[in-house]
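Asker: Note that full-length UniProt numbering numbers the sequence shown so that position 235 is 235, with each residue one more than the last.
These are computed hints drawn from the structure, not numbers from a lab.
The C-beta atom is built at its ideal place from N, Cα and C for all residues, glycine as well.
Certain hints may be false.
[As the list claims (entries may be wrong)] Computed Cβ-Cβ distance ranges for the label pairs, DEER-style:
1. E120 x E210: 26 to 32 Å
2. T67 x S256: 49 to 55 Å
3. E168 x Y250: 42 to 48 Å
[As the list claims (entries may be wrong)] Okay, derived cross-link-like pairs now, SDA-like style, lysine to any residue, Cα gap no bigger than 20 Å in a straight line:
4. K62 x D92
5. K62 x K91
6. K114 x H185
7. K69 x S79
8. K114 x T151
9. K91 x G60
10. K61 x T148
11. K253 x I219
12. K95 x D152
13. K189 x H177
14. K207 x A156
15. K189 x A241
16. K114 x E153
17. K218 x F233
18. K207 x M230
19. K95 x R57
20. K91 x W234
21. K91 x K207
22. K91 x R57
23. K61 x S89
24. K189 x N51
25. K207 x K253
26. K95 x A211
27. K218 x F255
28. K253 x S203
29. K253 x M230
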Amino acid sequence: MKMKLYITLYLHFTPFCYTSSCMNLERIYIVLDHPDECRNIGAACRAMANNGITHLRIVGKKEDYDTEKVHILAIHASSIYDSAEFFNSIKDATKDCAVAAGTTRRRGKKRKGKLYLPEEFAQTADIVSGAKDGDGANVAVVFGNERTGLTDEQLAQCTEGVTIPSSEDFASLNLSHAVQIICYHLFRKKNDYLTGYTPLPLSRIDKTVEAIADNLQKIGFFSITGRNDMESFWRSLLSRAALSESEAQYIEKIFSKAAGMVSKKN
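Make the full structure from the sequences, and use the hints.
Answerer: In structure tokens, the structure reads:
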């Protein structure tokens with residue numbers, strides 16, 4: 001017996017409050033995934049400092065890098081590297097962030113469906129990070145290794161993709177140049193609205209995504225489509241929506257009730 005389940009989600013978002021405040025750059029985290037060159041790390045630190053961004057996270061081991069070589073290129077921004085945090089994976093480095101944007105110049109079937117321009121991504125970061133009184137949520141920008149960039153698997157750990165337009169004849173950007181461009185757009189973006197609540201971090205959004213998938217599993221939905229693709233879709237969508245806790249709970253309740261209704265009919 002074939003059954004069709006129609007679910008309409010009415011997501012009520014808190015109205016924006018107008019204010020003269022700017023984006024909260026203290027909520028921005030630059031994440032470098034296994035960078036090869038100490039000099040590139042130092043140059044990236046300088047690019048960050050030029051734009052008022054100070055939080056650096058590196059996926060890799062600190063002992064793999066020569067602090068003195070990093071400092072040479074960082075110049076007066078060496079303190080950014082000195083206070084950098086090191087993680088084992090992109091997921092660990094971004095788990096306390098509401099949005100994690102992976103930078104890439106490549107498009108493909110398995111890559112993010114829509115790649116945002118730096119200025120478009122800055123609008124998302126503006127909303128998510130810019131709540132007043134320090135109530136905004138963290139935003140991560142993830143940069144891949146200089147030689148390989150982010151793999152499909154690494155990009156899948158991010159909630160969205162960001163691309164920097166460049167010449168087809170010479171498309172690859174130096175790591176620090178890419179960091180400079182993204183940080184510049186974040187720095188110059190001035191927001192005139194606030195969310196009035198703290199958007200949920202990815203660790204909480206993942207629980208909502210799991211609840212959605214579990215309920216769809218109960219009604220046999222994944223005989224039609226793959227669970228992993230569906231989870232990736234919801235994770236990307238919900239992170240961009242900058243959900244509040246009550247909104248996440250409401251979505252979970254909708255899917256739970258819908259699954260219960262289908263089970264009763266069967």
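Asker: Next step is simple, just say for each hint if it's right about the structure.
Answerer: Hint-by-hint comparison with the structure:
Checked against the hint of 26 to 32 Å, the C-beta distance between E120 and E210 comes to roughly 28 Å, which is consistent with it. Between T67 and S256 the CB atoms are about 51 Å apart, so this pair conforms to the stated range of 49 to 55 Å. Taking the beta carbon of each, E168 and Y250 are about 45 Å apart, inside 42 to 48 Å as hinted. Restraint check: the Cα-Cα separation between K62 and D92 comes to about 16 Å, which is no more than 20 Å; the hinted pair holds.
A hinted pair counts as satisfied when its Cα atoms are at most 20 Å apart, and K62 with K91 qualifies at roughly 18 Å. A C-alpha spacing of about 19 Å is found between K114 and H185, which places the hinted pair at or below 20 Å, so the restraint holds. Among the hinted pairs, K69 with S79 is consistent with the structure: their alpha-carbon atoms are about 14 Å apart, no more than 20 Å. Our distance criterion of 20 Å between C-alpha atoms is met by K114 and T151, whose separation comes to about 16 Å.
This hinted pair checks out: K91 and G60 have alpha carbons roughly 13 Å apart, not beyond 20 Å. About 18 Å separates the Cα atoms of K61 and T148, which keeps this hinted pair within 20 Å; it holds. Under the criterion of a C-alpha separation no larger than 20 Å, the hint pairing K253 with I219 is consistent with the structure, at around 15 Å. Restraint check: the Cα-Cα separation between K95 and D152 comes to about 19 Å, which is no more than 20 Å; the hinted pair holds.
Simply put, K189 and H177 have alpha-carbon atoms about 19 Å apart, close enough for the 20 Å limit, and the pair holds. A threshold of 20 Å between alpha carbons decides the hint, and for K207 with A156 the separation of about 17 Å falls inside it, so the pair holds. Restraint check: the Cα-Cα separation between K189 and A241 comes to about 19 Å, which is no more than 20 Å; the hinted pair holds. This hinted pair checks out: K114 and E153 have alpha carbons roughly 16 Å apart, not beyond 20 Å.
For the proposed pair K218 and F233, the alpha carbon gap of about 19 Å is at most 20 Å, so the pair holds. Between the alpha carbons of K207 and M230 the distance comes to roughly 14 Å, so the proposed pair stays at or under 20 Å and holds. The suggested pairing of K95 with R57 holds, with an alpha-carbon distance near 12 Å, which does not exceed 20 Å. For the hint pairing K91 with W234, the CA-to-CA distance comes to about 16 Å; that is within 20 Å, so the pair holds.
In summary, the hint linking K91 to K207 is supported, as the alpha carbons are separated by about 14 Å, within the 20 Å threshold. A distance of roughly 12 Å separates the Cα atoms of K91 and R57; the hinted pair therefore holds under the 20 Å criterion. Note on K61 and S89: the hinted pairing holds, with a Cα-Cα distance of about 11 Å set against a maximum of 20 Å. Restraint check for K189 and N51: the C-alpha separation of about 11 Å stays at or below 20 Å, so the hint holds.
A C-alpha spacing of about 13 Å is found between K207 and K253, which places the hinted pair at or below 20 Å, so the restraint holds. Using a Cα cut-off of 20 Å, the hinted pair K95 and A211 holds, with the two alpha carbons roughly 18 Å apart. Distance check on the hinted pair: K218 and F255 sit about 11 Å apart at the alpha-carbon level, within 20 Å; holds. Between K253 and S203, the direct Cα distance comes to roughly 19 Å. Compliance with the 20 Å bound is thereby established for this hinted pair.
At most 20 Å may separate the alpha-carbon atoms for a hinted pair to count; K253 and M230 meet this at roughly 18 Å.
The structure is consistent with each of the numbered hints, conforming to all of them.
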